[in-house]
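Just so we're aligned: 110 in full-length UniProt numbering is position 110 of the sequence shown, and the numbers increase by one with no gaps anywhere.
Keep in mind that the hints are not guaranteed to be accurate.
To be verified - Below, a list of computed lysine to any residue pairs in the SDA-like style, where the Cα atoms sit at most 25 Å apart:
#1 K109 to A88
#2 K17 to K125
#3 K109 to E36
#4 K125 to C83
#5 K63 to G119
#6 K63 to D28
#7 K109 to P87
#8 K123 to Q48
#9 K63 to Q94
#10 K123 to A107
#11 K17 to G100
#12 K109 to D33
#13 K125 to K57
#14 K57 to A79
#15 K125 to T98
Unchecked claim - FRET-style restraints, in silico, Cβ to Cβ:
#16 P87 to Q21: 35 to 43 Å
#17 D89 to D111: 16 to 24 Å
#18 E70 to E24: 15 to 23 Å
#19 F20 to C118: 30 to 38 Å
#20 E108 to F20: 31 to 39 Å
#21 V86 to E36: 17 to 25 Å
#22 Q21 to N58: 31 to 39 Å
#23 H59 to T122: 28 to 36 Å
#24 E56 to G100: 15 to 23 Å
#25 D89 to I120: 29 to 37 Å
#26 E127 to E56: 18 to 26 Å
#27 E70 to C104: 14 to 22 Å
Hint data in this document are derived by calculation from the structure and do not stem from the laboratory. Being a predicted model, the structure only gives us computed values, none of them experimental. The beta-carbon is built from N, C-alpha and C at its ideal position, and this holds for glycine as well.
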Amino acid sequence: MVLITGGSFQGKQAFAKETFQITEGIADGAAADFDELCRADLIINFEQWIARELREKNHAAVKAGQLAEENPGVVICAAELGCGIVPADAFDRQWRETTGRICCMLAEKSDAVYRVICGIGTKIKGEDKE
1 MVLITGGSFQ GKQAFAKETF QITEGIADGA AADFDELCRA DLIINFEQWI ARELREKNHA
61 AVKAGQLAEE NPGVVICAAE LGCGIVPADA FDRQWRETTG RICCMLAEKS DAVYRVICGI
121 GTKIKGEDKE
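Taking the hints into account, I'd like the entire structure generated from these sequences.
Put into structure tokens, the structure is as follows:
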């Protein structure tokens, strides 16, 4: 598994597609169901899937762990939500915290982790880290 994180609109999806030569098998966390995520080569907007799970009162962290087990070769793109102003809305704070904790868990399980800023990916975990 590979985790790619970074701020909104920083080029995570393009970086993932180019770096890992992915042209199909892309699931959008904003709309895909869990089975689609388990079959995907690339998951984009993973933080949106977490928000959907929280709204439906599902155990997002448990399901994210299952996803890591069922699809160990997946590349996951998730926006960083933990920087900046703490949201006033209780749900947004829960989403921010849950997303951060899930990404920490996925990073631990991942073979490689990248942070993308301005379209440039920096490997922050993995064997050939510079």
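Practice problem: Please write out, lowest number first, the hints stated earlier that are contradicted by the structure. | Solution: Checked against the structure, the hints that fail are numbers 1, 5, 7, 13, 17, 19, 20, 21, 26, while the rest are satisfied.
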